[in-house]
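J.: Chains as they are written, first to last, in my numbering: chain A, 86 to 286; chain B, 86 to 286.
Since the hints were made in silico from the structure, they are not lab data. Keep in mind that this is a model prediction, so the values were computed, not measured. Incorrect hints may appear among the rest.
Pairs count within a copy or across copies, as identical chains cannot be separated in the list.
Claimed, not checked - Here are the computed lysine to any residue pairs in the SDA-like style, where the Cα-Cα straight-line distance is at most 25 angstroms:
1. Lys144 / Leu182
2. Lys170 / Thr218
3. Lys123 / Ala241
4. Lys144 / Thr263
5. Lys144 / Ser194
6. Lys170 / Gly127
7. Lys123 / Arg165
8. Lys123 / Arg190
9. Lys144 / Pro284
Protein chains: 2
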Amino acid sequence: MAATSPLDRSTDTDTRRRIIRATAALLQRQGYESTSVKRIAGAAQASPSSVYHFFPGGKEELAIEAMRHGAREFGEMLARGLASKADPAEATAACALLLAEDLRRSDWSDGCPVAVTALETVGRVPGLQEAATRALTEWRTLVAARLTEGGIAPAAAHTLAGTVISMLEGAELLSRVTADDAPLHDAAVHLSQLVRAAPRA
Amino acid sequence: MAATSPLDRSTDTDTRRRIIRATAALLQRQGYESTSVKRIAGAAQASPSSVYHFFPGGKEELAIEAMRHGAREFGEMLARGLASKADPAEATAACALLLAEDLRRSDWSDGCPVAVTALETVGRVPGLQEAATRALTEWRTLVAARLTEGGIAPAAAHTLAGTVISMLEGAELLSRVTADDAPLHDAAVHLSQLVRAAPRA
Numbered sequence: 086m087a088a089t090s091p092l093d094r095s096t097d098t099d100t101r102r103r104i105i106r107a108t109a110a111l112l113q114r115q116g117y118e119s120t121s122v123k124r125i126a127g128a129a130q131a132s133p134s135s136v137y138h139f140f141p142g143g144k145e146e147l148a149i150e151a152m153r154h155g156a157r158e159f160g161e162m163l164a165r166g167l168a169s170k171a172d173p174a175e176a177t178a179a180c181a182l183l184l185a186e187d188l189r190r191s192d193w194s195d196g197c198p199v200a201v202t203a204l205e206t207v208g209r210v211p212g213l214q215e216a217a218t219r220a221l222t223e224w225r226t227l228v229a230a231r232l233t234e235g236g237i238a239p240a241a242a243h244t245l246a247g248t249v250i251s252m253l254e255g256a257e258l259l260s261r262v263t264a265d266d267a268p269l270h271d272a273a274v275h276l277s278q279l280v281r282a283a284p285r286a
Numbered sequence: 086m087a088a089t090s091p092l093d094r095s096t097d098t099d100t101r102r103r104i105i106r107a108t109a110a111l112l113q114r115q116g117y118e119s120t121s122v123k124r125i126a127g128a129a130q131a132s133p134s135s136v137y138h139f140f141p142g143g144k145e146e147l148a149i150e151a152m153r154h155g156a157r158e159f160g161e162m163l164a165r166g167l168a169s170k171a172d173p174a175e176a177t178a179a180c181a182l183l184l185a186e187d188l189r190r191s192d193w194s195d196g197c198p199v200a201v202t203a204l205e206t207v208g209r210v211p212g213l214q215e216a217a218t219r220a221l222t223e224w225r226t227l228v229a230a231r232l233t234e235g236g237i238a239p240a241a242a243h244t245l246a247g248t249v250i251s252m253l254e255g256a257e258l259l260s261r262v263t264a265d266d267a268p269l270h271d272a273a274v275h276l277s278q279l280v281r282a283a284p285r286a
């Protein structure tokens, strides 16, 4: 990086951030394969050469960084849902309802930030598969901690948290494809049922 | 089609079928965007021009046909699972376990035949989105019918069947990405719990 003054550095940071955000949005909406560096540059109002300046590893390096960014944002949404209700069953349901709201508001495009890219590249782009695994694990840990805090036995909380992530991912897929948030609303009901039935610590 | 003799016709049918199967396998493993007609032709041991001969609409037409084929096969797997146990809760769990088995045997590549392509093209390729919606609806109808037959009240069976498909889709995503079938095994347990708790007709 050739930045020498504080002003240059802040502009650099802004451009880098804009590129990451644009990539995250494209990965979330259409996945990795149809997202070109040219398209990313256009969406970020940057030149392709500045994309390569910040990410010499090109599309793969950038996608890994963008998945991290998207994973953090999705984690924040989960944390918001989990903190919104005292009862762990209602808190879990709230995550599905927040996701439904986001999806509907974005006209069914802002779904999971890792699902499409992960499925497209599994077994073919190890760096992306690793980033996706890390994201899924972080989200699961977040949910498991909240369930344990809500009185669920730790082993049950861990298993159930995995199912919460599976259900959110699957219901989001159904909701996006059918342009209808009913699958996420049904997921909210069924997830809270499972949490209510889980063994207590 | 230029087939004139019965032999030609049967060869034509074979080639067409081989092209559809190869496309279905590629869509299942890597999705629509990175699957080219050239790659399909290679996998089907056919020439690109014969792919266009059978599918003048090119990749999109072929992908719709391949999704139909994949959806039928996935539906057959569900039907096998659903018929394998008398108890509807165990029958539902069996679907998740069959999917886990298929995934593990294929080294985590043979997952849902529509998920990747559907997520990649939602809002962008209406024909594929329609084919995916049709597949998801057929599978849900299959599960709902089995649950109703097993004594679950029709409205609950319909909602629950949607959740079964969501859960299978999501747990399959987690299993593929993490190369571990635990999410599908956990899904089996949680789905059977939900079916057991469902209101009876």
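J.: All hints, please: hold or fail.
T.: Here is how each hint holds up against the structure:
1. Lys144 / Leu182: neither (33 angstroms within a copy, 36 angstroms between copies)
2. Lys170 / Thr218: neither (28 angstroms within a copy, 34 angstroms between copies)
3. Lys123 / Ala241: Intra 46 angstroms, inter 48 angstroms, cutoff 25 angstroms: neither.
4. Lys144 / Thr263: between (30 angstroms within a copy, 22 angstroms between copies)
5. Lys144 / Ser194: Classified as both; 21 angstroms inside a copy, 23 angstroms across copies.
6. Lys170 / Gly127: The answer is neither: 41 angstroms in one copy and 55 angstroms across copies each exceed 25 angstroms.
7. Lys123 / Arg165: neither (35 angstroms within a copy, 47 angstroms between copies)
8. Lys123 / Arg190: neither (27 angstroms within a copy, 39 angstroms between copies)
9. Lys144 / Pro284: Intra 45 angstroms, inter 50 angstroms, cutoff 25 angstroms: neither.
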